[in-house]
Amino acid sequence: MSLAASLLQGDVRALAKAISLAEDRDPEATQIVTELQPQTGRAHLVGITGAPGSGKSSLVDLLLQVIRQRGKTVGVVAVDPSSPFTGGAVLGDRIRMQRHTLDKGVFIRSMGARGHLGGLAAATREVIHLLDAYGRDVIIVETVGVGQSELEIGTVCDTTVLVLVPESGDAVQSIKAGIMEIADIFVINKADLGGAEKTRRLIQDAMALGPAPAWAPPILLTAAIKDQGGVELWQAIERHWEYLSQGGGLQDRRLQRLKQEVLALVAEQARDDARQQLEGDTPVARRLRQNPNGTLNPYALAAELMGRAR
Amino acid sequence: MSTASRPSSKPAPRTEPASQKKIRVLTLKLGLDGHDRGVKVVSRALRDAGVEVIYAGLRQTPEMAVEAAIQEDVDGIGVSILSGAHMTLIPRVLELLKERGAGDIVVFAGGIIPDDEAAELKTLGVAEIFGPGTSLATIVDFVNSRLRK
Numbered sequence: 000m001s002l003a004a005s006l007l008q009g010d011v012r013a014l015a016k017a018i019s020l021a022e023d024r025d026p027e028a029t030q031i032v033t034e035l036q037p038q039t040g041r042a043h044l045v046g047i048t049g050a051p052g053s054g055k056s057s058l059v060d061l062l063l064q065v066i067r068q069r070g071k072t073v074g075v076v077a078v079d080p081s082s083p084f085t086g087g088a089v090l091g092d093r094i095r096m097q098r099h100t101l102d103k104g105v106f107i108r109s110m111g112a113r114g115h116l117g118g119l120a121a122a123t124r125e126v127i128h129l130l131d132a133y134g135r136d137v138i139i140v141e142t143v144g145v146g147q148s149e150l151e152i153g154t155v156c157d158t159t160v161l162v163l164v165p166e167s168g169d170a171v172q173s174i175k176a177g178i179m180e181i182a183d184i185f186v187i188n189k190a191d192l193g194g195a196e197k198t199r200r201l202i203q204d205a206m207a208l209g210p211a212p213a214w215a216p217p218i219l220l221t222a223a224i225k226d227q228g229g230v231e232l233w234q235a236i237e238r239h240w241e242y243l244s245q246g247g248g249l250q251d252r253r254l255q256r257l258k259q260e261v262l263a264l265v266a267e268q269a270r271d272d273a274r275q276q277l278e279g280d281t282p283v284a285r286r287l288r289q290n291p292n293g294t295l296n297p298y299a300l301a302a303e304l305m306g307r308a309r
Numbered sequence: 000m001s002t003a004s005r006p007s008s009k010p011a012p013r014t015e016p017a018s019q020k021k022i023r024v025l026t027l028k029l030g031l032d033g034h035d036r037g038v039k040v041v042s043r044a045l046r047d048a049g050v051e052v053i054y055a056g057l058r059q060t061p062e063m064a065v066e067a068a069i070q071e072d073v074d075g076i077g078v079s080i081l082s083g084a085h086m087t088l089i090p091r092v093l094e095l096l097k098e099r100g101a102g103d104i105v106v107f108a109g110g111i112i113p114d115d116e117a118a119e120l121k122t123l124g125v126a127e128i129f130g131p132g133t134s135l136a137t138i139v140d141f142v143n144s145r146l147r148k
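Protein chains in written order, with numbering that gives the first Met the number 0: chain A, 0 to 309; chain B, 0 to 148.
Derived from the structure by calculation, the hints contain no laboratory data. The reader is advised that the hints may include incorrect statements.
[Unchecked claim] One-sided and incomplete, this derived list gives chain A residues near chain B with beta-carbon spacing under 8 Å:
id, residue
1, G86
2, R93
3, T100
4, R108
5, T154
6, V164
7, V283
8, R286
9, L287
10, Q289
[Stated by the list, open to error] Label pairs and their calculated CB-CB ranges:
id, chain 1, residue 1, chain 2, residue 2, range
11, A, T85, B, G33, 52 to 60 Å
12, B, V40, A, G168, 45 to 53 Å
13, A, T294, B, N143, 46 to 54 Å
14, A, E278, B, A118, 46 to 54 Å
15, A, T39, B, K39, 37 to 45 Å
16, A, V265, B, P113, 52 to 60 Å
17, B, D47, A, Q259, 48 to 56 Å
18, B, G124, A, D251, 28 to 36 Å
19, A, V230, B, G124, 27 to 35 Å
Remember, predicted model here, so these are calculated numbers, not experimental data. The beta carbon of each residue, even a glycine, is placed where N, CA and C say it ideally should be.
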């Protein structure tokens with residue numbers, strides 16, 4: 000039986016193997032995802048993003064508890080950084096979600112970012128499609144710990160949750176462009192530490208400076224490791240889903256997502272081709288070797304590699 | 000100077016080639032045993048050798064280890080055990096892997112395991128046992144040679 004067929008029958012190993020093919024950028028993954036595409040589009044995609052150590056994985060663990068109580072199945076994709084020196088990684092998100100390891104309704108996959116920027120791994124979209132085809136009701140995507148401008152999650156998910164911690168900046172931080180703009184829901188985690196109310200007010204004030212949006216992102220307080228705030232967070236995520244589905248732009252989001260996915264594939268393909276030309280036995284590579292000082296014109300080289308030599 | 004903060008022996012950061020098969024290893028402490036320094040040192044060394052390590056941490060049951068190994072599609076499981084329960088817990092991991100059709104996942108172990116029991120575990124299917132004093136290079140070489148598909 001093909002991997003795709005086994006996956007559709009609920010074979011967890013087939014799902015895991017298909018994910019590895021996507022991660023390794025194996026051409027077979029493209030075929031599998033294409034074959035499974037008719038079975039996708041049903042899951043609610045929830046993104047969890049925020050700074051390193053803000054408690055994203057612990058919040059996912061808390062959400063899993065709440066979602067499973069409601070009988071829905073979940074797939075989790077948790078991305079952690081890869082070493083820029085060796086390509087290796089220590090993936091430590093799963094460790095926060097231990098209590099769900101033996102629950103057949105929860106599938107957790109750790110991914111190394113493998114040099115991909117933007118907070119996700121290059122294969123994240125494929126993995127979402129695979130989990131969707133596998134029949135998961137909810138797919139949670141946890142980004143690497145991010146800063147202000149790793150925004151890819153906003154183009155990948157239906158609902159983006161931004162996890163902050165108390166004292167994470169003054170009023171100017173909260174009106175800056177970037178990550179604060181992509182949040183559909185704000186969470187101030189570690190609220191038991193104090194200062195969370197102040198952070199909530201700052202975000203609220205910042206939002207009041209602009210025109211009222213059709214969806215006003217709620218600001219929730221949680222303490223993930225104390226199991227506090229999970230139900231309220233899940234309710235907010237469901238409200239956002241209802242809003243999107245009932246004329247709030249779900250179709251538009253999905254169209255934008257498709258465009259982004261196509262752009263990402265084009266960029267990846269172009270980069271691969273260019274890299275091969277730069278490192279292979281090609282006229283460009285030979286010229287580069289003859290000019291070890293790196294004084295050639297990068298614009299001309301790029302145009303040449305893209306077949307647009309002037 | 001921005002480069003001064005990095006030791007000169009380190010190579011410049013590089014971009015990843017797009018298509019590459021990576022070795023993935025699950026490392027964990029099996030059973031009730033809180034001594035996790037060794038497994039963390041090994042996890043770190045494997046990371047530095049370019050391996051993707053999924054660290055599951057303390058108090059793992061054989062069932063949890065096998066489920067995680069399957070979901071993460073790892074090439075190997077590195078079991079650390081210092082509690083003395085290795086003859087009970089490690090064979091159970093091997094048994095569960097076979098039951099789940101995942102007998103191809105390589106199991107290796109480290110910790111305090113007497114020689115005669117190490118030999119017995121190896122006949123049961125454990126690929127290698129790394130006792131006290133094993134160099135990290137030995138473990139990295141093992142992972143690179145035995146787990147590369």
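Structure-based check of each hint:
1. G86: holds (5 Å)
2. R93: Holds. Min distance 6 Å.
3. T100: holds (5 Å)
4. R108: holds (6 Å)
5. T154: Not OK, violated: T154/A not within 8 Å of chain B, min 20 Å.
6. V164: Violated, because the Cβ-Cβ distance from V164/A to chain B comes to roughly 23 Å (cut-off 8 Å).
7. V283: violated (17 Å)
8. R286: violated (21 Å)
9. L287: For L287/A, the interface hint is violated, since the closest Cβ of chain B sits about 16 Å away, which is over 8 Å.
10. Q289: Hint on Q289/A: violated, closest Cβ of chain B at ~22 Å, above 8 Å.
11. T85/A with G33/B: 52 to 60 Å: violated (29 Å)
12. V40/B with G168/A: 45 to 53 Å: Violated, since V40/B and G168/A (Cβ atoms, about 36 Å apart) do not stay within the stated range.
13. T294/A with N143/B: 46 to 54 Å: violated (39 Å)
14. E278/A with A118/B: 46 to 54 Å: holds (47 Å)
15. T39/A with K39/B: 37 to 45 Å: With a Cβ separation near 38 Å, T39/A and K39/B satisfy 37 to 45 Å, so the hint holds.
16. V265/A with P113/B: 52 to 60 Å: holds (59 Å)
17. D47/B with Q259/A: 48 to 56 Å: Check failed, 34 Å falls outside 48 to 56 Å.
18. G124/B with D251/A: 28 to 36 Å: violated (54 Å)
19. V230/A with G124/B: 27 to 35 Å: violated (45 Å)
In terms of the numbered hints stated before, the structure departs from hints 5, 6, 7, 8, 9, 10, 11, 12, 13, 17, 18 and 19, listed from lowest to highest.
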